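Residue numbers (our numbering), protein chains in the order written: chain F, 5 to 361; chain Z, 5 to 361.
Hints should not be assumed to be uniformly reliable.
Computed Cβ-Cβ distance ranges for the label pairs, DEER-style [stated by the list, open to error]:
| id | chain 1 | residue 1 | chain 2 | residue 2 | range |
| --- | --- | --- | --- | --- | --- |
| 1 | Z | 93 | F | 263 | 26 to 32 Å |
| 2 | F | 359 | Z | 15 | 40 to 46 Å |
| 3 | Z | 203 | F | 230 | 20 to 26 Å |
| 4 | F | 65 | Z | 356 | 27 to 33 Å |
| 5 | F | 98 | Z | 11 | 25 to 31 Å |
| 6 | Z | 11 | F | 196 | 41 to 47 Å |
| 7 | Z | 215 | F | 230 | 53 to 59 Å |
| 8 | Z | 14 | F | 197 | 35 to 41 Å |
Some residues of chain F that are not near chain Z, with every Cβ distance over 12 Å (derived) [what the hints assert, rightly or not]:
| id | residue |
| --- | --- |
| 9 | 81 |
| 10 | 344 |
| 11 | 355 |
Residues from chain F shown here face chain Z by an in silico Cβ test under 10 Å; the list is partial [stated by the list, open to error]:
| id | residue |
| --- | --- |
| 12 | 6 |
| 13 | 80 |
| 14 | 84 |
| 15 | 87 |
| 16 | 119 |
| 17 | 122 |
| 18 | 125 |
| 19 | 146 |
| 20 | 149 |
| 21 | 160 |
| 22 | 322 |
| 23 | 323 |
Since the hints were derived computationally from the structure, they do not count as laboratory data.
This one's a predicted model, so the numbers in the text were calculated from it and none came from an experiment.
Glycine included, every Cβ here is placed at the ideal spot set by N, Cα and C.
There are 2 protein chains.
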Amino acid sequence: MKTLSVNLDERSYPIYIGSALLSNSELFLPHIPARQVLIVSNETVAPLYLQQLKTTLSSLEVHELVLPDGEQYKTLDTVNLIFDKLLQERLNRNCTLIALGGGVVGDITGFAAATYQRGVNFIQAPTTLLAQVDSSVGGKTGVNHALGKNMIGAFYQPRAVIADTDTLNTLDDRQLSAGMAEVIKYGLIRDAEFLDWLTAHMPKLLQRETTSLTQAIERSCQHKAEVVAEDELESGQRALLNLGHTYGHAIETGMGYGEWLHGEAVAAGMCMAARHSEKLGWITADDVNRVVDLCASAGLPTNKPESLSADEMLKHMQVDKKVVDGAIRLVLFKAIGKAIVTGDYPRDTLISTLSAN
Amino acid sequence: MKTLSVNLDERSYPIYIGSALLSNSELFLPHIPARQVLIVSNETVAPLYLQQLKTTLSSLEVHELVLPDGEQYKTLDTVNLIFDKLLQERLNRNCTLIALGGGVVGDITGFAAATYQRGVNFIQAPTTLLAQVDSSVGGKTGVNHALGKNMIGAFYQPRAVIADTDTLNTLDDRQLSAGMAEVIKYGLIRDAEFLDWLTAHMPKLLQRETTSLTQAIERSCQHKAEVVAEDELESGQRALLNLGHTYGHAIETGMGYGEWLHGEAVAAGMCMAARHSEKLGWITADDVNRVVDLCASAGLPTNKPESLSADEMLKHMQVDKKVVDGAIRLVLFKAIGKAIVTGDYPRDTLISTLSAN
């Protein structure tokens, strides 16, 4: 087992990465201050891992709530289902919520933990690659609104992230690829050396070779932890982690939640950011190909769907959180391995990027 | 104008108390960092003060949302109306929400500000005595759930509290009395001298004599600011501010939201806390009479409604946030002017307190 740390003074917490962690009560119990626990999972993950985690916590008063699976359920209504359960079972403010599932379960459960009785204890037990390398770390929680993705939420840090890599064995290929988008992202924004390693190891990673996969998760979490420790509330450098996300959110919103997986939309968005940066003369066509080839080798899309027009994309991008007084702030490349956040580009370079496919 | 400060390091903020503040753009503008503003008010307050505030902010892009009036609308559904408005009008993460109204408007709007795009700028412009002396200061935001009061929420501090005392001239007598309950509370928990002053000045206060009323608001805010600065997240001493609230919440929930005003329920609760403390031998019958007489002189109820049984009260008290692993923690009196938080009392003293009227 590997242990990393997210350093946020009194809100610091550990990330554990390894095999058979869901069975390890010595790992969970120190992060649970009182008897009452609610495990929130979904109908895909619960049949596989819920009983195992309940057995691990059998010395406690454990409640469970199984949500429907999918991004389309990442709504305030679903959060309200969690509140209903918490209140029906009379869980008090010393209770602990555990998110057992992927990014959607983690985001919803984290937001419920942030807002139940003004904040209760929270543990992330991510079961997808995407959640293990990205969404479970850093305290972003929240839900979607019909008019925009992740528009409702809170920064709320977990007490611990417990990433059992065994759960990746039951992940389907499409979800594995989607998670790989966020792994690639860390290389693209701040670690060119990791990018070379990923290019070399992509076949092994997709075959779920344990050592490579654990290495990729650890390095990704290390990057995420460093960035979050420097800029918890995303006032500066943390925004780089949104590479591909503003384009990606527009794809997800435009296609309807659940059509494209989040990681798929991010991959397409990263390729669009690369093309946009090339139009600005900041990187070369070879650089763009490197990004596109790596995403393609991970089984990911490399452009927006043709059915979504540039106008529609633009409309959705304009309600993104990164819009500041009219300008759409984007993460673009100054070089591969070096990203910046900027709203300072000619509007027609964005339009032509959105029009190309 | 009086200016106080809530000292919370980088989240510190001023409280302004005085006449004609809603017309003072020099007071508002420094606390609004970008052009987009949404004023949230209700159908009682908006006709009286919304236009005035809009004129004050006329150099900005000002949107407005008028909610129905009443505690029964303090729900997640109402918060969602605010999100709808914010997204329809495309307000970005640099926008400012201004709560123009009483405690309900402030709590709902504050929670929307805490959770829109993971937190946007927020100003409290309280227009009731209760909101000016209590709920607008200290960052408690949130809404009710059918199964319990204030069960959903967040700690989220405003950038400024701007309390225009002129607004109290349009407050009805019942609301003025309800606000007085929280003023009396500060005397009861930590300022016996203020309690004497209140006893002497109650007739003037109820006649809305400006000097006395401003003095009472200032002293109340000073107490609130001190307590919040010491214990922002209510891990200790801030809990004393809940004097009367656990009994009071049970009354509000039991009677249905909106039947009893919050301050009325708190006054009844404070009198019950006094009787409970007497049963424990901590204060005298004379002390109890002093509490009851002061509440009565302010036009407030001094016991729970007869229609609510002890069993019902107990049931509602058990889902209160102050329940920790089974014990109902209450604020009780060691002396008048000295309250403590405790779950350590014989259960039958609580039952007999709840049975007496």
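With 10 Å as the cut and Cβ atoms as the points, is residue 322 (chain F) at the interface with chain Z?
-> holds (7 Å)
Determine whether the Cβ-Cβ distance between residue 65 (chain F) and residue 356 (chain Z) falls within the hinted range of 27 to 33 Å.
-> Given a distance of about 30 Å, which is inside 27 to 33 Å, the answer is holds.
Please test the hint of 25 to 31 Å on the beta carbon pair from residue 98 (chain F) and residue 11 (chain Z).
-> Since the Cβ atoms of residue 98 (chain F) and residue 11 (chain Z) sit about 28 Å apart, the hinted range of 25 to 31 Å holds.
How does the Cβ-Cβ distance of residue 215 (chain Z) and residue 230 (chain F) compare with 53 to 59 Å: does it lie in that range?
-> holds (57 Å)
Is the hint on residue 160 (chain F) kept, meaning its closest Cβ partner in chain Z is under 10 Å away?
-> holds (9 Å)
Take the C-beta atom of residue 203 (chain Z) and the C-beta atom of residue 230 (chain F), compute their distance, and say whether it sits inside 20 to 26 Å.
-> About 59 Å separates the Cβ atoms of residue 203 (chain Z) and residue 230 (chain F), which means 20 to 26 Å is violated.
If you take the shortest Cβ to Cβ gap from residue 122 (chain F) to chain Z, is it below 10 Å?
-> holds (5 Å)
Under the criterion of a CB-CB separation shorter than 10 Å, is residue 87 (chain F) in contact with chain Z as hinted?
-> Nearest chain Z Cβ about 6 Å off; hint holds.
Is the interface hint for residue 125 (chain F) satisfied, with its Cβ closer than 10 Å to some Cβ of chain Z?
-> Not OK, violated: residue 125 (chain F) not within 10 Å of chain Z, min 13 Å.
Was the hint right that residue 84 (chain F) lines chain Z, CB cutoff 10 Å?
-> Residue 84 (chain F) check passes; min Cβ-Cβ to chain Z is 6 Å, inside 10 Å.
Against chain Z, run the beta carbon of residue 119 (chain F) and see if the smallest gap drops under 10 Å.
-> Result: holds, 5 Å to nearest chain Z Cβ.
Holds or violated: is there a CB of chain Z closer than 10 Å to the CB of residue 80 (chain F)?
-> The hint holds - residue 80 (chain F) has a Cβ within 10 Å of chain Z, the shortest such distance being about 6 Å.
Comparing the model with each numbered hint stated earlier shows that hints 3, 9, 12 and 18 do not hold.
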